[in-house]
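Trainee: Each chain is listed here by its residues.
There are 2 protein chains.
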Amino acid sequence: METRDPKVLNAITQTNTVNDPNIIYSNHTDHSFSKAEREALYQTIFSRRDVRGQFTSKPIPEDVLSRILTAAHYAPSVGFMQPWNFILIQKDETKQRVHNLFKKAHDEAADMFEGEKRKTYKTLKLEGIMESPLNICITCDKDRTGPVVIGRTHIKSMDLYSTVCAVQNLWLAARAEGVGVGWVSILDQKKLKQALKLPKRVTPVAYLCIGYVSEFFDKPELQSAGWLPRLPMAHVVNFEEYDKGADDSFAINLLEAMNQDQKAIEDGYYRK
Amino acid sequence: METRDPKVLNAITQTNTVNDPNIIYSNHTDHSFSKAEREALYQTIFSRRDVRGQFTSKPIPEDVLSRILTAAHYAPSVGFMQPWNFILIQKDETKQRVHNLFKKAHDEAADMFEGEKRKTYKTLKLEGIMESPLNICITCDKDRTGPVVIGRTHIKSMDLYSTVCAVQNLWLAARAEGVGVGWVSILDQKKLKQALKLPKRVTPVAYLCIGYVSEFFDKPELQSAGWLPRLPMAHVVNFEEYDKGADDSFAINLLEAMNQDQKAIEDGYYRK
Numbered sequence: 001m002e003t004r005d006p007k008v009l010n011a012i013t014q015t016n017t018v019n020d021p022n023i024i025y026s027n028h029t030d031h032s033f034s035k036a037e038r039e040a041l042y043q044t045i046f047s048r049r050d051v052r053g054q055f056t057s058k059p060i061p062e063d064v065l066s067r068i069l070t071a072a073h074y075a076p077s078v079g080f081m082q083p084w085n086f087i088l089i090q091k092d093e094t095k096q097r098v099h100n101l102f103k104k105a106h107d108e109a110a111d112m113f114e115g116e117k118r119k120t121y122k123t124l125k126l127e128g129i130m131e132s133p134l135n136i137c138i139t140c141d142k143d144r145t146g147p148v149v150i151g152r153t154h155i156k157s158m159d160l161y162s163t164v165c166a167v168q169n170l171w172l173a174a175r176a177e178g179v180g181v182g183w184v185s186i187l188d189q190k191k192l193k194q195a196l197k198l199p200k201r202v203t204p205v206a207y208l209c210i211g212y213v214s215e216f217f218d219k220p221e222l223q224s225a226g227w228l229p230r231l232p233m234a235h236v237v238n239f240e241e242y243d244k245g246a247d248d249s250f251a252i253n254l255l256e257a258m259n260q261d262q263k264a265i266e267d268g269y270y271r272k
Numbered sequence: 001m002e003t004r005d006p007k008v009l010n011a012i013t014q015t016n017t018v019n020d021p022n023i024i025y026s027n028h029t030d031h032s033f034s035k036a037e038r039e040a041l042y043q044t045i046f047s048r049r050d051v052r053g054q055f056t057s058k059p060i061p062e063d064v065l066s067r068i069l070t071a072a073h074y075a076p077s078v079g080f081m082q083p084w085n086f087i088l089i090q091k092d093e094t095k096q097r098v099h100n101l102f103k104k105a106h107d108e109a110a111d112m113f114e115g116e117k118r119k120t121y122k123t124l125k126l127e128g129i130m131e132s133p134l135n136i137c138i139t140c141d142k143d144r145t146g147p148v149v150i151g152r153t154h155i156k157s158m159d160l161y162s163t164v165c166a167v168q169n170l171w172l173a174a175r176a177e178g179v180g181v182g183w184v185s186i187l188d189q190k191k192l193k194q195a196l197k198l199p200k201r202v203t204p205v206a207y208l209c210i211g212y213v214s215e216f217f218d219k220p221e222l223q224s225a226g227w228l229p230r231l232p233m234a235h236v237v238n239f240e241e242y243d244k245g246a247d248d249s250f251a252i253n254l255l256e257a258m259n260q261d262q263k264a265i266e267d268g269y270y271r272k
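As you go down the protein sequences, you meet chains L and S in turn.
Residue numbers for the first sequence follow our numbering, so the first one is 1 and each next one is one higher.
Residue numbers for the second sequence follow our numbering, so the first one is 1 and each next one is one higher.
Calculated from the structure, these hints are not laboratory results.
What you are looking at is a predicted structure, and each value in this text was computed from that prediction instead of being measured.
Where hints are given, some of them may not hold.
One copy or two, it doesn't matter: identical chains are merged, so the pair holds either way.
To be verified - Simulated pairs of lysine-lysine, DSS-like, Cα-Cα distance not exceeding 27 Å:
id, residue 1, residue 2
1, Lys103, Lys200
2, Lys191, Lys156
3, Lys117, Lys35
4, Lys156, Lys219
5, Lys156, Lys200
6, Lys142, Lys119
7, Lys119, Lys197
8, Lys191, Lys244
Please take these sequences and the hints and turn them into a complete structure.
Mentor: Pasting the structure below:
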């Protein structure tokens, strides 16, 4: 365990940045990106969409796909185990096997909704398996680095969570490259494992449809369709305990800032 | 289901961009960001670190924290259910309760490693709960939008996966803001639920330590410590089937591009 004296650290910071502006060594506590760089990240995050119906057949060049996959591989992973594989699927025959699984699961799913919701559900397009030029199955090998993994000793699903971090990195990199991604989760996982010949120890975490798109929608489709509203930040940010709201000036100022940020997003400030 | 004729779509694209350059309407298939914007995203992804020992006590201003939390809230979520809560923890009393859980789990974990690995494990700093000015527990409420959720009908853990996407968005936004994040997973989840008074239906997905840092390391600590190597891209990218390597020119060109991208990262091209 390191011990720290916060007052000393603050004093060092002030010396570097305030008291002696002529010395050009950097302020070691400021590693933030420029405003333009931060805006680029936020535009990626806020204009990312789950794409189902807008794929074009334009192939993804190798250099673009390389950057997208490399971004995924540099996700955080528990115990640095990098448990993922990325199975690139381009053959119609393989896609068709997965699409058949989707159709079956989709019919089963429709029966789980009642009345109006069932009608709406049936009109929603929920995958682009055949139209997208590339599908990628991202898997998790729980045995990649042996049975005992740093950080997975108590929460066994940490390797699955690491794999999801890779999915999100891939999704964001693709958006910045102008490439759409749709996550198809209406599939029987056991049958998907068989269809892609995964070993027993390997879990298929995400099945993604990937390709250039005719457009990225301004808002998530389920939001535009009125299926569910976007929750206000105040509903999801708590203080010290679950569901506990703002009760000091820090919390009140934060909620005000979040309201403004959320309004900017919903008003299209980050539209690309 | 939409039907598409790929040849027609290619023809449309070509008309817009190639055959009539005087017409200024945009090529609707190109939604990519500028090179500088893409580089900003890649620098964020490749210089993100799991921070344990470099936290300073400098408080995070409300506007910075607002952007980080808003980025998390705009993660993808299955059926647009937005199942997450972000519990901000700043009181030493709350942190100490969680730190006690860490200490207990950490001792248990050490006993699971053998010989040299156990010795090395004990020297690793794996959390910054008390030193970081802010801890955030990100939770998943499985009942947020009722029992039946679009896209969660067949893979029940999709809501947990959505929550992890929010974690990764938060992590990346924090990095761009110069704020470090460390994910502490060496905790008994049941006891963590009690410590933070989570309702039964709510799962604690990630416990994060957050704050400005004295430095971001060039490489992941477990990589630098020689615990495990970074896997080459060729080990994790497969074609059409699990563990199947390159066997056509597309695959071979892709592997070559990925090797180059990975070399650039390891050589520090994306260092910030």
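Trainee: Each hint: holds or not?
Mentor: Checked hints:
1. Lys103 x Lys200: within (24 Å within a copy, 34 Å between copies)
2. Lys191 x Lys156: both (23 Å within a copy, 15 Å between copies)
3. Lys117 x Lys35: neither (43 Å within a copy, 43 Å between copies)
4. Lys156 x Lys219: This pair counts as between: shortest inter-copy Cα distance 25 Å, intra-copy 35 Å.
5. Lys156 x Lys200: both (17 Å within a copy, 19 Å between copies)
6. Lys142 x Lys119: Between copies only: 24 Å across, 40 Å inside.
7. Lys119 x Lys197: The answer is neither: 35 Å in one copy and 39 Å across copies each exceed 27 Å.
8. Lys191 x Lys244: between (43 Å within a copy, 20 Å between copies)
Comparing the model with each numbered hint stated earlier shows that hints 3, 7 do not hold.
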